[in-house]
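Student: In case you want the letters, here they are:
There are 2 protein chains.
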Amino acid sequence: MGGDHGPSVTVPAALSVLRAESGLHVILVGQRELLVPVIGKSLGAFGDRLILQEATQVVTMDERPQDALRKKKDSSMRVAIDLVKANAADACVSAGNTGALMATARFVLKTVPGIDRPAILARIPSKTGHTHMLDLGANADCTAEQLFQFAVMGSVVAADMNGVDRPRVGLLNIGEEEVKGNEVVQQASSLLGQSTLNYIGFVEGTDIFTGAVDVVVTDGFTGNIALKTMEGVAAMLVGTLRTEYTRNPLRRLGALVSWPVLKAVRQRFDTRTLNGASMVGLTGVVIKSHGGADEVAFANAIRVGLVEARKGAPTEISQLLAAQPSQKKH
Amino acid sequence: MGGDHGPSVTVPAALSVLRAESGLHVILVGQRELLVPVIGKSLGAFGDRLILQEATQVVTMDERPQDALRKKKDSSMRVAIDLVKANAADACVSAGNTGALMATARFVLKTVPGIDRPAILARIPSKTGHTHMLDLGANADCTAEQLFQFAVMGSVVAADMNGVDRPRVGLLNIGEEEVKGNEVVQQASSLLGQSTLNYIGFVEGTDIFTGAVDVVVTDGFTGNIALKTMEGVAAMLVGTLRTEYTRNPLRRLGALVSWPVLKAVRQRFDTRTLNGASMVGLTGVVIKSHGGADEVAFANAIRVGLVEARKGAPTEISQLLAAQPSQKKH
Numbered sequence: 054m055g056g057d058h059g060p061s062v063t064v065p066a067a068l069s070v071l072r073a074e075s076g077l078h079v080i081l082v083g084q085r086e087l088l089v090p091v092i093g094k095s096l097g098a099f100g101d102r103l104i105l106q107e108a109t110q111v112v113t114m115d116e117r118p119q120d121a122l123r124k125k126k127d128s129s130m131r132v133a134i135d136l137v138k139a140n141a142a143d144a145c146v147s148a149g150n151t152g153a154l155m156a157t158a159r160f161v162l163k164t165v166p167g168i169d170r171p172a173i174l175a176r177i178p179s180k181t182g183h184t185h186m187l188d189l190g191a192n193a194d195c196t197a198e199q200l201f202q203f204a205v206m207g208s209v210v211a212a213d214m215n216g217v218d219r220p221r222v223g224l225l226n227i228g229e230e231e232v233k234g235n236e237v238v239q240q241a242s243s244l245l246g247q248s249t250l251n252y253i254g255f256v257e258g259t260d261i262f263t264g265a266v267d268v269v270v271t272d273g274f275t276g277n278i279a280l281k282t283m284e285g286v287a288a289m290l291v292g293t294l295r296t297e298y299t300r301n302p303l304r305r306l307g308a309l310v311s312w313p314v315l316k317a318v319r320q321r322f323d324t325r326t327l328n329g330a331s332m333v334g335l336t337g338v339v340i341k342s343h344g345g346a347d348e349v350a351f352a353n354a355i356r357v358g359l360v361e362a363r364k365g366a367p368t369e370i371s372q373l374l375a376a377q378p379s380q381k382k383h
Numbered sequence: 054m055g056g057d058h059g060p061s062v063t064v065p066a067a068l069s070v071l072r073a074e075s076g077l078h079v080i081l082v083g084q085r086e087l088l089v090p091v092i093g094k095s096l097g098a099f100g101d102r103l104i105l106q107e108a109t110q111v112v113t114m115d116e117r118p119q120d121a122l123r124k125k126k127d128s129s130m131r132v133a134i135d136l137v138k139a140n141a142a143d144a145c146v147s148a149g150n151t152g153a154l155m156a157t158a159r160f161v162l163k164t165v166p167g168i169d170r171p172a173i174l175a176r177i178p179s180k181t182g183h184t185h186m187l188d189l190g191a192n193a194d195c196t197a198e199q200l201f202q203f204a205v206m207g208s209v210v211a212a213d214m215n216g217v218d219r220p221r222v223g224l225l226n227i228g229e230e231e232v233k234g235n236e237v238v239q240q241a242s243s244l245l246g247q248s249t250l251n252y253i254g255f256v257e258g259t260d261i262f263t264g265a266v267d268v269v270v271t272d273g274f275t276g277n278i279a280l281k282t283m284e285g286v287a288a289m290l291v292g293t294l295r296t297e298y299t300r301n302p303l304r305r306l307g308a309l310v311s312w313p314v315l316k317a318v319r320q321r322f323d324t325r326t327l328n329g330a331s332m333v334g335l336t337g338v339v340i341k342s343h344g345g346a347d348e349v350a351f352a353n354a355i356r357v358g359l360v361e362a363r364k365g366a367p368t369e370i371s372q373l374l375a376a377q378p379s380q381k382k383h
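So the protein sequences, as listed, match chains A and B. So the first sequence is numbered by our numbering: it starts at 54 and just counts up by one. So the second sequence is numbered by our numbering: it starts at 54 and just counts up by one.
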């Protein structure tokens, strides 16, 4: 139900992934009177692979997480997460209110044993494809142990999504000579150095985009600011290109001739392709789609949920964590 | 002497600013035998406005700050800062080793009374011009009081550089509903709310580029990572444009027709224009040029030093800090 566009985007996206993935079952959770008209004749077409689950309430995009948690116990978001909890669903995919989704998911699903807090992981475009980065805003202050746990979580998701065995994990830090980063980052680096992860050491902000690392680990404060910074730079660059290309008829001609280039650049940085952030560290798979996602973007978020559910990411995280030397000591 | 290119860049840059600014005096500090050939006939042309000051040592770009401080007491960097300390110079401009410059400047000049630590402030391109941002890497961990002091320092420099009375100051934070940022940021916001500064509240990473704020305050860890992130995104975008525009002859034609656009975009994001970071909070003016600066870029760093010296930024910082309610309580 959630997101800026509601069922008009989420339902067609679900139908398109159902067509492409024959093993997929979808439970559409929400207000029946709003869902049925959008589903139309497709409801029968997929047999038991498409089910409708009534939920009478909707969490709004600006609702406070604690209010959503307390007052909206029959929201589409809550019911979907309850289904994951009850093993009636293998993943929950939502384009709704991020804070409410995280609070509800934490409350209902709890974290994997050994994981203190869930984190938000997203794929960031890089020169060679994409980089997995976490935490992007769930935890403003983090301990060294939490950063270490994020590295384990990121390593599992990157391995699942990219089909690689031991993804390269880097810890975000600053490169100035005088200051070698804060205490927490130093301690986390020491923990990671003793782990079984493919830890490549400290990385800087520039390294997110070079393809030199598969998983970038940082606290939610720094991660969120880095994410918003990259969005801001990209928007400014695109805005400048648009302004400059429409300044006069000759420049418009330039835009016309450059059309294939601009299209390729747009595709390269198409956030729709990488839509679907993972709320990792929970006992179930919860995927957050961008609120403004269109059909293509939301379908990609569903695909992320499908991969993580098939691989059993929560169990993998639990196992990889248990295999760490630092855990065995306890 | 410093920077990637040494006197071949710094000397011509100094001469060009000397030509444009009749009130400027320049003391070139370094190894005479390397400086004299580059200066050539210009040495006499400016009379006492161009002086040569011998310094026998050079701090290398990869030297550890503490080593530079202890072993290079006759380096060009050290001698230049000593000149500021002795009031024989009003500003030091260097393209050398950042860590060594900061360590030396702190040791020799000390901070303005009431300022705990100096910070690195730079101008970041925005849609409407530029945004002043600090700290960009000098202090990994910051207290709320230090962030408050950074706001005072940033406010002074932005007012001096932009010629505005009360620049808008924002505190960098994350916007997620659930987590409202860490404790330090909350406390700093409270201090700023009671200040005489034009504090507009929390800003997010995207706001750095919109022109909605003149001064963005953050700790050196977050600031450095945001800076490197924006460099990484910009490099990736430019790299993609280059790759796509050279893929085939037709696209090369597109680049040719689009040449004025690409030139305008390049100028818009020309880091040379905004070269010259301020090491603020010290009792003297110290400007750090990008190590790879060319003549145009280094000349701009000199101009920043000129403005801050003329305005007396260190004294202004001291005065603005003393005028704050939070200071009067002590």
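These aren't lab readings, by the way, just hints derived from the structure by calculation. Keep in mind that this is a model prediction, so the values were computed, not measured. Any given hint could turn out to be false.
[Stated by the list, open to error] To give an idea of the interface, some chain B residues facing chain A are shown, with a C-beta separation under 10 angstroms as derived from the structure:
| id | residue |
| --- | --- |
| 1 | D127 |
| 2 | K180 |
| 3 | N215 |
| 4 | I227 |
| 5 | T282 |
| 6 | W312 |
Note that the Cβ used here is the ideal one computed from N, Cα and C, for glycine as well.
Student: Checking against the hints above, which ones are violated?
Tutor: 1, 3
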